[in-house]
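Given the sequences, and given the hints that come with them, work out the whole structure.
Read left to right, the sequence shown gives residues 1 to 102 (our numbering).
Do not rely on the hints blindly, as some may be mistaken.
[Stated by the list, open to error] Listed next, with one range per pair, are the computed distances between beta-carbon atoms:
1) Ile102 with Ser66: 32 to 42 Å
2) Tyr91 with Asp32: 49 to 59 Å
3) Ala94 with Ser22: 18 to 28 Å
4) Val62 with Leu3: 17 to 27 Å
5) Tyr54 with Glu2: 15 to 25 Å
6) Arg73 with Glu2: 39 to 49 Å
7) Gly65 with Glu97: 43 to 53 Å
8) Glu97 with Asn52: 33 to 43 Å
[Claimed, not checked] As a list, the in silico SDA-like pairs of lysine to any residue whose alpha-carbon atoms are at most 25 Å apart:
9) Lys8 with Leu29
10) Lys7 with Glu60
11) Lys5 with Arg69
12) Lys8 with Gln28
13) Lys8 with Lys87
14) Lys87 with Gly67
15) Lys87 with Glu49
16) Lys7 with Arg69
17) Lys8 with Asp35
18) Lys87 with Gln71
19) Lys87 with Gly65
20) Lys5 with Lys87
21) Lys7 with Gly65
22) Lys87 with Val62
23) Lys5 with Arg44
24) Lys87 with Ala36
25) Lys87 with Gly34
26) Lys87 with Ser66
27) Lys5 with Val21
28) Lys8 with Arg44
29) Lys7 with Ala19
30) Lys7 with Asp32
31) Lys5 with Val62
32) Lys87 with Arg44
33) Lys5 with Tyr54
34) Lys7 with Asp33
35) Lys8 with Ser22
36) Lys5 with Ala74
37) Lys8 with Gly67
38) Lys87 with Val64
39) Lys87 with Asp32
40) Lys87 with Glu60
Don't read these hints as lab results, they were simulated from the structure. Values in this document were obtained by computation on a predicted structure and should not be read as measured data. We put the CB at the ideal spot given by N, CA and C, even for glycine.
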Amino acid sequence: MELEKLKKIIEAALMVAAAPVSFDRLYQLFSDDGDARPSRESLRTILEELENDYHSCGIELVEVGSGYRFQARAEVAHWINRLWDEKNPRYSRALLETLAII
1 MELEKLKKII EAALMVAAAP VSFDRLYQLF SDDGDARPSR ESLRTILEEL ENDYHSCGIE
61 LVEVGSGYRF QARAEVAHWI NRLWDEKNPR YSRALLETLA II
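Shown next as structure tokens:
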């Protein structure tokens with residue numbers, strides 16, 4: 001399998017994953033490909049290329065303890081955090097009085 005196609009597969013897998021994906025799990029994506037299965041070195045090269053491809057973007061590919069993931073860069077995190085409006089929970093007066101008694 002050609003490297004560009006492998007790169008697209010790895011990129012898509014990392015984009016849609018709900019959690020970081022380990023190197024071994026990425027390698028297992030190609031377990032049914034037989035002779036077309038990429039080598040571990042090719043997979044590492046692809047991951048390095050993806051890191052370089054996103055070097056000037058708002059997101060980056062990072063290796064964390066449990067695998068690889070795409071994440072927003074630190075310099076844009078302030079604006080990205082606005083997507084999740086977390087408001088302090090409002091407690092009723094009755095609940096507060098109950099808690100005070102306890």
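These are the hints, each one checked on the structure:
1. Between Ile102 and Ser66 the beta carbons are some 39 Å apart, a value that agrees with the proposed interval 32 to 42 Å.
2. A C-beta distance of roughly 54 Å is found between Tyr91 and Asp32, which places it inside the suggested range of 49 to 59 Å.
3. With their beta carbons about 49 Å apart, Ala94 and Ser22 fall outside the hinted range of 18 to 28 Å.
4. Range check, Val62 to Leu3: Cβ separation about 22 Å, and the 17 to 27 Å hint holds.
5. Evaluation of the 15 to 25 Å hint for Tyr54 and Glu2 yields a pass: the beta carbon distance comes to about 21 Å.
6. For the pair Arg73 and Glu2, the beta carbons lie near 30 Å from each other, so the given range of 39 to 49 Å is not met.
7. A C-beta distance of roughly 45 Å is found between Gly65 and Glu97, which places it inside the suggested range of 43 to 53 Å.
8. For Glu97 paired with Asn52, a C-beta distance near 59 Å fails the hint of 33 to 43 Å.
9. The suggested pairing of Lys8 with Leu29 holds, with an alpha-carbon distance near 13 Å, which does not exceed 25 Å.
10. Between the alpha carbons of Lys7 and Glu60 the distance comes to roughly 15 Å, so the proposed pair stays at or under 25 Å and holds.
11. Taking the CA atoms of Lys5 and Arg69, the gap is near 19 Å; set against the 25 Å cutoff, the hint holds.
12. Note on Lys8 and Gln28: the hinted pairing holds, with a Cα-Cα distance of about 16 Å set against a maximum of 25 Å.
13. A threshold of 25 Å between alpha carbons decides the hint, and for Lys8 with Lys87 the separation of about 38 Å lies outside it, so the pair is violated.
14. Proposed proximity of Lys87 and Gly67 is contradicted: the alpha carbons are some 31 Å apart, above 25 Å.
15. Proximity of Lys87 to Glu49 is assessed by CA-CA distance (about 40 Å); at most 25 Å being required, the pair is judged violated.
16. The hinted pair formed by Lys7 and Arg69 meets the criterion: a straight-line CA distance of about 14 Å does not exceed 25 Å.
17. As the CA atoms of Lys8 and Asp35 are separated by approximately 19 Å, the hinted pair is consistent with the 25 Å bound.
18. With a C-alpha separation of about 23 Å, the suggested pair Lys87 and Gln71 falls inside the 25 Å cut-off, and the hint holds.
19. A distance of roughly 30 Å separates the Cα atoms of Lys87 and Gly65; the hinted pair therefore is violated under the 25 Å criterion.
20. A distance of roughly 43 Å separates the Cα atoms of Lys5 and Lys87; the hinted pair therefore is violated under the 25 Å criterion.
21. Between Lys7 and Gly65 the alpha-carbon distance is near 22 Å, which keeps this suggested pair within the 25 Å criterion.
22. Note on Lys87 and Val62: the hinted pairing is violated, with a Cα-Cα distance of about 30 Å set against a maximum of 25 Å.
23. Under the criterion of a C-alpha separation no larger than 25 Å, the hint pairing Lys5 with Arg44 is consistent with the structure, at around 15 Å.
24. The hinted pair formed by Lys87 and Ala36 fails the criterion: a straight-line CA distance of about 51 Å is larger than 25 Å.
25. For the hint linking Lys87 to Gly34, the alpha-carbon distance of about 52 Å lies beyond 25 Å, and the restraint is violated.
26. The straight-line distance between the Cα atoms of Lys87 and Ser66 is roughly 30 Å, outside the 25 Å bound, and the hint therefore fails.
27. With a C-alpha separation of about 19 Å, the suggested pairing of Lys5 with Val21 holds against the 25 Å cut-off.
28. For the suggested pair Lys8 and Arg44, the alpha carbons sit about 14 Å apart, so the restraint of at most 25 Å is met.
29. A hinted pair counts as satisfied when its Cα atoms are at most 25 Å apart, and Lys7 with Ala19 qualifies at roughly 19 Å.
30. Distance hint between Lys7 and Asp32 is fulfilled; the C-alpha atoms sit about 17 Å from each other, no more than 25 Å.
31. A threshold of 25 Å between alpha carbons decides the hint, and for Lys5 with Val62 the separation of about 21 Å falls inside it, so the pair holds.
32. Pair hint Lys87 plus Arg44 does not hold up; C-alpha atoms about 42 Å apart against a cutoff of 25 Å.
33. Using a Cα cut-off of 25 Å, the hinted pair Lys5 and Tyr54 holds, with the two alpha carbons roughly 17 Å apart.
34. At roughly 15 Å between alpha-carbon atoms, Lys7 and Asp33 fall within 25 Å of each other, so this suggested pair holds.
35. For the given pair, Lys8 sits about 17 Å from Ser22 by alpha-carbon distance, which is consistent with the 25 Å threshold.
36. At roughly 30 Å between alpha-carbon atoms, Lys5 and Ala74 are farther apart than 25 Å, so this suggested pair is violated.
37. Proposed proximity of Lys8 and Gly67 is supported: the alpha carbons are some 18 Å apart, at most 25 Å.
38. About 29 Å separates the Cα atoms of Lys87 and Val64, which puts this hinted pair outside 25 Å; it is violated.
39. This hinted pair does not check out: Lys87 and Asp32 have alpha carbons roughly 47 Å apart, beyond 25 Å.
40. For the suggested pair Lys87 and Glu60, the alpha carbons sit about 28 Å apart, so the restraint of at most 25 Å is broken.
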